[in-house]
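Using the supplied hints, reconstruct the complex from the two chains, each of which is provided in its own coordinate frame.
Below, each chain spelled out in residue letters.
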Amino acid sequence: MAAFTGLAEAIAGNVRDGDVVALEGFTHLIPYAAGHEIIRQGRRDLTLVRMTPDVLYDQMIGAGCARRLVFSWGGNPGVGSLHRFREAVEHQWPVPLELEEHSHAGMAARYVAGASGLPFGVLRGYVGTDLPAHTSTIAPITCPFTGEVLTAVPALRPDVGIIHAQQADREGNVGLWGIQGVQKEVVLASARSIVTVEEIVDTLDPRVTVTLPSWVVTDIVHVPRGARPSYAHGYYERDNDFYQSWEAISRDRDACTEWLALHVLQAADFAEHLALVDQEAPA
Amino acid sequence: MTQIIEATQVPLDGVTTDEIMTVVAARELRDGVVCFVGIGLPSTAANLARLTHAPAAVLIYESGTIGAKPTRPPLSIGDGELAETADAVVSVPEIFSYWLQAGRVDVGFLGAAQVDRFGNINTTVVGDYEHPRVRLPGAGGAPEIAASAKRTFIMLRQTPRTFVEHLDFRTSVGHAEGGDSRARLGMTGAGPQVVITDIGVMRPDATGELVLSALHPGRTVAEAIAATGWPLRVADDLAVTEPPSQAELLVLRALTSRP
Chain A
1 MAAFTGLAEA
11 IAGNVRDGDV
21 VALEGFTHLI
31 PYAAGHEIIR
41 QGRRDLTLVR
51 MTPDVLYDQM
61 IGAGCARRLV
71 FSWGGNPGVG
81 SLHRFREAVE
91 HQWPVPLELE
101 EHSHAGMAAR
111 YVAGASGLPF
121 GVLRGYVGTD
131 LPAHTSTIAP
141 ITCPFTGEVL
151 TAVPALRPDV
161 GIIHAQQADR
171 EGNVGLWGIQ
181 GVQKEVVLAS
191 ARSIVTVEEI
201 VDTLDPRVTV
211 TLPSWVVTDI
221 VHVPRGARPS
231 YAHGYYERDN
241 DFYQSWEAIS
251 RDRDACTEWL
261 ALHVLQAADF
271 AEHLALVDQE
281 APA
Chain B
1 MTQIIEATQV
11 PLDGVTTDEI
21 MTVVAARELR
31 DGVVCFVGIG
41 LPSTAANLAR
51 LTHAPAAVLI
61 YESGTIGAKP
71 TRPPLSIGDG
81 ELAETADAVV
91 SVPEIFSYWL
101 QAGRVDVGFL
111 GAAQVDRFGN
121 INTTVVGDYE
131 HPRVRLPGAG
141 GAPEIAASAK
151 RTFIMLRQTP
161 RTFVEHLDFR
171 TSVGHAEGGD
181 SRARLGMTGA
191 GPQVVITDIG
201 VMRPDATGEL
211 VLSALHPGRT
221 VAEAIAATGW
231 PLRVADDLAV
241 TEPPSQAELL
251 VLRALTSRP
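For the protein sequence lines, the chains are A and B, in the order given. For what it's worth, the working numbering labels the leading residue of the first sequence as 1, then goes sequentially. For what it's worth, the working numbering labels the leading residue of the second sequence as 1, then goes sequentially.
To be clear, the hints were calculated from the coordinates, so they are not data collected in a lab. In this text the structure is predicted, and so the values were computed from the model without any measurement. Do not take every clue at face value.
[Stated by the list, open to error] Chain B stretches covered by chain A per the calculated footprint, using a threshold of three residues with CB under 8 Å from any CB of chain A:
1. 89-103
2. 143-150
[Unchecked claim] Some chain A residues near chain B, calculated using beta-carbon distances under 10 Å:
3. Thr-52
4. Ser-72
5. Trp-73
6. Ser-103
7. Phe-120
8. Leu-123
9. Leu-150
10. Val-182
11. Gln-183
12. Trp-215
13. Val-216
14. Thr-218
15. Glu-237
16. Glu-247
17. Arg-251
18. Asp-252
Beta carbons: idealized from backbone N, C-alpha and C, even for Gly.
Just chain B, same shape as in the assembly (with noise of 0.2 Å):
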């Protein structure tokens, strides 16, 4: 890593937004954690928390590559360089079965279209199913990574039109109704225990509603609430992200920017 450090010489100012919630995201991966990553920024945080602070953290892909240690932020799930770094490269019935359903993930870390007060993420239509404003890709692995990881991350930028008060779809299950209506569901794992945006950080309440729970430097209250569609509740214990540090900057940019 000193290397690779060394070799890119990139200005620490002008940090991004994405950026910020990729070094916060992976700050939320516990060195030897089992993390299923679904593609683009979750996949960019989860390499720059095994790059950092969590060298023993097993990258799962849905592409079948156990313990992926990719050099640069694939472009696809199955990226040549998984398979290529990888532990073990098995078959997608084995993946889904063997590993994600029998209880041996510890966070599924998920992207989202739309997501709800309850951490339910709709990946699949905007507007009406049978005729779609817009037609998303659909479920892929996010049902069963959200029912069946320990637990789940999520990150989304925040808008209006991602953070809703009612999904147009529901494809994958957080807190469902909130309560216990994701246990009376019988799923086996706990659902998204937190969701990182561009403005800040929420976490689910005991009943299950996200509440914000951080911000971002420079970011506002007032900002987080104009940009969710419901009636964001903030914590009485309202914390400020630590900024990203040199080292992760470092790391984060020398990752990105590998060709």
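The shape of chain A in the complex, shown without the other chains (with noise of 0.2 Å):
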């Protein structure tokens, strides 16, 4: 059965230096409290997964938390370049960062086989990309029914998986609805999983689409509006001024360093923080 505890303890808990942690989100429902609490308690050393690190996980890098990523896509979506990210892999800074690198499908495919308990996950992908020269978690493969060669690649076993979610009711099923991404994989992938929420409720919502039964989930945290600047459908919208903005406060290394002191390590939890960007926000 999942707990309900509160998000310092939740990290606390669940995320160790050098662990391999995944936070999703596909543009939707992006953990943000909970990836601040991991920058506030200063974990170090992360293998840091997600198909589409953004604004988040340029802050993670920025701040020091990863040693490596293994991604798909690293940008700010519809804006540009993650300039922490860039920095890390083109300057060393703050700390070097080992990449290792798929397509959205490959890495769909690597959590499908996590979550499945499998060893690999197969597609018809990578061929005739450089990608297979980059990246020593793709190989090809041969289907003994047909001889036809595929790629395989490893699955997925995060050491946790953190995600955003509509609703949990008081048994600590979770709920949520709207854009998926792969946020029931990388639960059944990990070892443990943390779940934020918008809200506990006595029955989930019938909108839901995605129900991770209660004894799937290791910690549940209400986190309201958890996920800002992301969105969580039907409670708030994306922010997109704020990740428009973000290409000013992270072009500079001293100006982001100072935006992270000022808004996540100094800010005592998340509500304080959203009060903060709520009173800087243009009216």
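See the structure below:
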């Protein structure tokens, strides 16, 4: 059964230095509050896994949490580059960042294999590209029935999978709807899991399309607006203005460090962070 | 739509290069096409097609939204409006396996940072992989879209830095090394059929090499050649793009000016 706990306790209890940690969310339901708490607790040497590392991972990389990134697309969607990610790769700052680079289809197959208890996933992919030459976790495999040569990718099995969802009921069953990404797969593939939720309810909303039973989730934390500046369908919209403003904040390493100090490290918790960014938001 | 057009007063003079690219790209999409859409200009073009000549076009975004009908171009491939307006919302593993890999996508519509003469694409790095001058976002959905969509369309601005003799990294396969090299890789889709730029339109010849097939109004062959990093061949029957119609521009500007 999932335990209801506080965010600081959930992160302290599940995320250790050196862990393989996946904070997922395909644009929707990105667990910003949990990522900020990892920064606040000063975790180091993490292998961060995510299909679409965006602004949250840029913040975590800029704060020095990551040693390695397993991913398929690293950008600020519709805006441009992730400058902290780029600086870590191009200039090894604040620490060098090793890359294990895949495609979306490959990462999806890896999560499905992890959730399924299989050693690898299989797909038609990567053939003819330069990715296999730089990524050791891509290998050809021959179908034993047809002889067709396909591509195998190893299962992803993070130490900790972290997602945000709209709701949990009082028994700890988690419900989400809207764009579902790999939210289910990352929880089922990971050894431990944390789910932050907008709301704790008596009965899950009928709009729920993905349910994670209580007994597959480690910790549940009630964090209203815990996905901001991402969004939670039915609760609040994506703060596209913030995503656009991150371009200027993140371009300069000192400015970004100062932003993180003021808005994340010196904020006691995510509620205090939200109060700060709300105050600064254009009217 | 009538309401949107009437409500938006925009001048028709001063058509931008992005606008002409977008209008020309939209015209390539037939009504009823199932189109896997990349974010940015491809998404704007696909939505323009849907709002003009191709109302039955099915737009698929890699966030798992099938049949999305956004009223404004989404900033990200996962904006909430895509899910709200979609016929179906599926998981990311499902969109790439049941829908794309299984061959249910007619057109994959891609952007790129670099393209070569065979329509191969780089979205990974500029410079050496281990020590890149510019680290780009990476593959995303593109390698498998380029492999498995029945056809791919590419759009990007044309400069000697984007149309290169040699890619710094081959992220997604077009016509590979030309000839039958793509087919020998076992790809189920036919590869790039058109590349739309701010200068004109390129289409592959029988060997898969991109040939300049049309120029936008006011652009010249010399400009196209100067903006291409390989010796660009020009079609014998080089056409001139039909300028954007008033209706196309009104719909496009209404679409992109919505808050």
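Hints versus structure:
Check on the stretch 89-103 of chain B: 9 of its residues sit with their Cβ under 8 Å from a Cβ of chain A, so the three-residue criterion for coverage holds. Counting residues of the stretch 143-150 of chain B whose beta carbon lies closer than 8 Å to any beta carbon of chain A gives 4, which meets the minimum of three for the stated coverage. Interface restraint check for Thr-52 of chain A: the shortest CB-CB distance to chain B comes to about 8 Å, inside 10 Å, so the restraint holds. Against a cut-off of 10 Å between C-beta atoms, the interface hint on Ser-72 of chain A holds, since the closest Cβ of chain B lies about 6 Å away.
Residue-level restraint check for Trp-73 of chain A holds (minimum Cβ-Cβ distance to chain B is 4 Å; threshold 10 Å). Annotation: interface hint on Ser-103 of chain A holds; nearest CB of chain B at approximately 4 Å, less than 10 Å. A cut of 10 Å between beta carbons decides the hint on Phe-120 of chain A: the least distance to chain B is about 14 Å, and the hint is violated. Of the supplied interface hints, the one on Leu-123 of chain A holds, with its beta-carbon coming within about 7 Å of a beta-carbon of chain B, less than 10 Å.
For Leu-150 of chain A, the suggested interface contact is upheld, since its CB lies about 9 Å from the closest CB of chain B, less than 10 Å. Hint on Val-182 of chain A holds. Least Cβ distance to chain B is approximately 5 Å, under the 10 Å limit. With its C-beta approaching chain B no nearer than about 8 Å, Gln-183 of chain A sits inside the 10 Å limit, and its interface hint holds. With a cut of 10 Å, the hint placing Trp-215 of chain A at the interface with chain B is violated, because the nearest CB-to-CB distance is about 21 Å.
The beta carbon of Val-216 of chain A is not positioned within 10 Å of any beta carbon in chain B (closest approach about 16 Å), and the interface hint is therefore violated. The restraint placing Thr-218 of chain A at the interface with chain B is violated, with a minimum CB-CB distance near 22 Å, outside the 10 Å limit. For the restraint placing Glu-237 of chain A at the interface with chain B, the shortest Cβ-Cβ distance is roughly 6 Å, inside the 10 Å limit, so the hint holds. Interface hint status for Glu-247 of chain A: violated, as the beta-carbon distance to the closest one in chain B is roughly 12 Å, over 10 Å.
Taking 10 Å as the C-beta contact cut-off toward chain B, the hint placing Arg-251 of chain A at the interface is violated, the least distance being around 14 Å. Residue-level restraint check for Asp-252 of chain A is violated (minimum Cβ-Cβ distance to chain B is 17 Å; threshold 10 Å).
Figure legend: structure checked against the earlier numbered hints; hints not met, in rising order: 7, 12, 13, 14, 16, 17 and 18.
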